[in-house]
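Colleague: The residues making up each chain are set out below.
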Amino acid sequence: MNTLSMPMRRPLALPQSVMRSFQAEPRFAGMALLLLLAMVPTLFAMLVDPRLFNGINVWDKPLKFELALAVYLATLAWFSVYLPRNLIESNRYRLYSWVVVTAIALEIVWVSGSAANGAASHFNVEGIMGAIYALMGVLAVTLTSASLVQGVVFWRDSKSGLNPQVRLSLALGLVLTFVLTIIVAGYMSSSQGHWVGGNNSDVESFPLTGWARDGGDLRVAHFFATHALHFIPLVGLVASRTLKPAGAAASVWGASLAYCAFVGFAFVQALSGRPFAAF
Amino acid sequence: MTPDDMFKIANGIALAGWLALLASPFASVWSERIAAAIIPLLLSVAYTGLVLAFWSGAQGGFDSLANVELLFQTREVVLAGWLHYLAFDLFVGAWEVRTARREGISFLLVLPCLLLTFLFGPVGFLLFNALRLVRRLSPSSVPA
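For the protein sequence lines, the chains are A and B, in the order given. Here the first sequence is numbered in the working numbering, starting from 283 and rising by one per residue. Here the second sequence is numbered in the working numbering, starting from 32 and rising by one per residue.
So here's chain A without its partners, still in its complex pose (with noise of 0.2 Å):
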């Protein structure tokens, strides 16, 4: 298994990058695997528990949450390849990566014992529910921290072998990607919910995401905030292959400012009260 010997200049080829980001970050990468690991017995017991929450079957929510987070972890985990090497081996920033795995790990527990016991987990105020989902909210900050971090790190890194443009890239998606969710989550965290207008059920929803088509849900806007680390970063990529340095860098700026309108865009739809897409 210990395949050392791999050539170093190789990005983007998917299983060596798996096992490169294992290698830089295995905390996190093995949060996302045992993540992956956990939907298994979450779907068998969506197989053989019929009871609903808000008209959809009450392990929807914890699959989702598990299937999300990996996503979020795995990527964190693949772009720690190219931070340097002399942070991401500190004693500092291991322990930081622990806490943050810690959080992931304690939020999936909460939604998960949540759906067990057939109650809300989010826009829960009631009793001790209520005091958990506040500390859930401290959580959830937490490991979002974790795009700041590395967006912050890539933005200063000027010594990093990486293509310039891609690495501002990295750069603006992450911190986006933090200050976009803080924003959405957070005005919706603080709500009674996060359906505006609508019969507020899951039922007839879209495909997949669950997302309102009877009214606005702020979901929408925390979905396109959170995958701002993946759409940018993205777009700097394709522009740093196809475009001169100066072009790059005016898409990937232009194409920050446009994610940001179109996150905008999404929230104040949704707290109009009017559905993401109308099909």
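By construction, these hints were calculated from the structure, which means they are not laboratory data. Be a bit skeptical, because a hint or two may be false.
[Stated by the list, open to error] Pairwise CB distance ranges, derived in the manner of DEER restraints:
1. G468/A to L101/B: 52 to 58 Å
2. L142/B to V322/A: 19 to 25 Å
3. D331/A to P143/B: 32 to 38 Å
4. L369/A to V60/B: 55 to 61 Å
5. N373/A to T79/B: 47 to 53 Å
6. M321/A to L142/B: 21 to 27 Å
7. N445/A to L139/B: 36 to 42 Å
8. T384/A to G88/B: 32 to 38 Å
9. S137/B to P297/A: 25 to 31 Å
For each residue, glycine too, the CB sits at the ideal point set by N, CA and C.
We have chain A; now place chain B onto it with these hints.
Modeller: Using the frame of chain A, we list chain B on its own:
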């Protein structure tokens, strides 16, 4: 001794075994002796005695869920079933601790597995093996 008395005593003994596992970073040899041998064997002796004494008098069997339910209408047989859990869950917990030490897995990571094995046996067994799989995929982990 009533089944209820035996139940209480067996629970106490099993708990002592789990505490021994918690102490394994400080006393690995005795922790292993207690949790993987002495206590599971003690519980197995009690189990065997209960089965010898009460199995023939109980109704039901292993062939259908309804028959298993019938089996558990005899209190001494329920007690035997409980001892079975206690003995084997502890044995699995001891195996997790031993395997983690051999494979260089931090005891801090074993703790949640032990807690789950103690409460919901197979869940902890599953988590521990998921952790092992993750570590095996990680090229930075070199088993000692």
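Colleague: Hint by hint, say whether it matches the structure.
Modeller: Against the structure, the hints:
1. Remark: the range hint 52 to 58 Å for G468/A to L101/B is upheld by a beta-carbon distance near 57 Å.
2. Between L142/B and V322/A the Cβ separation comes to about 23 Å, which falls inside the hinted range of 19 to 25 Å.
3. D331/A and P143/B have their C-beta atoms about 23 Å apart, which leaves the hinted 32 to 38 Å range violated.
4. Distance hint check for L369/A and V60/B: the Cβ-Cβ separation is about 41 Å, which falls outside the suggested range of 55 to 61 Å.
5. Under the hint 47 to 53 Å, the C-beta atoms of N373/A and T79/B, about 52 Å apart, fit the expected range.
6. In this structure the supplied range 21 to 27 Å holds for M321/A paired with L142/B, their Cβ-Cβ distance being about 23 Å.
7. For the hinted restraint 36 to 42 Å between N445/A and L139/B, the CB-CB distance of approximately 39 Å keeps it satisfied.
8. The supplied range of 32 to 38 Å is broken by T384/A and G88/B, whose beta-carbon atoms lie about 51 Å from each other.
9. The given range of 25 to 31 Å is respected by S137/B and P297/A, whose C-beta atoms sit roughly 27 Å from each other.
Of the numbered hints given earlier, the model fails hints 3, 4, 8; all others are met.
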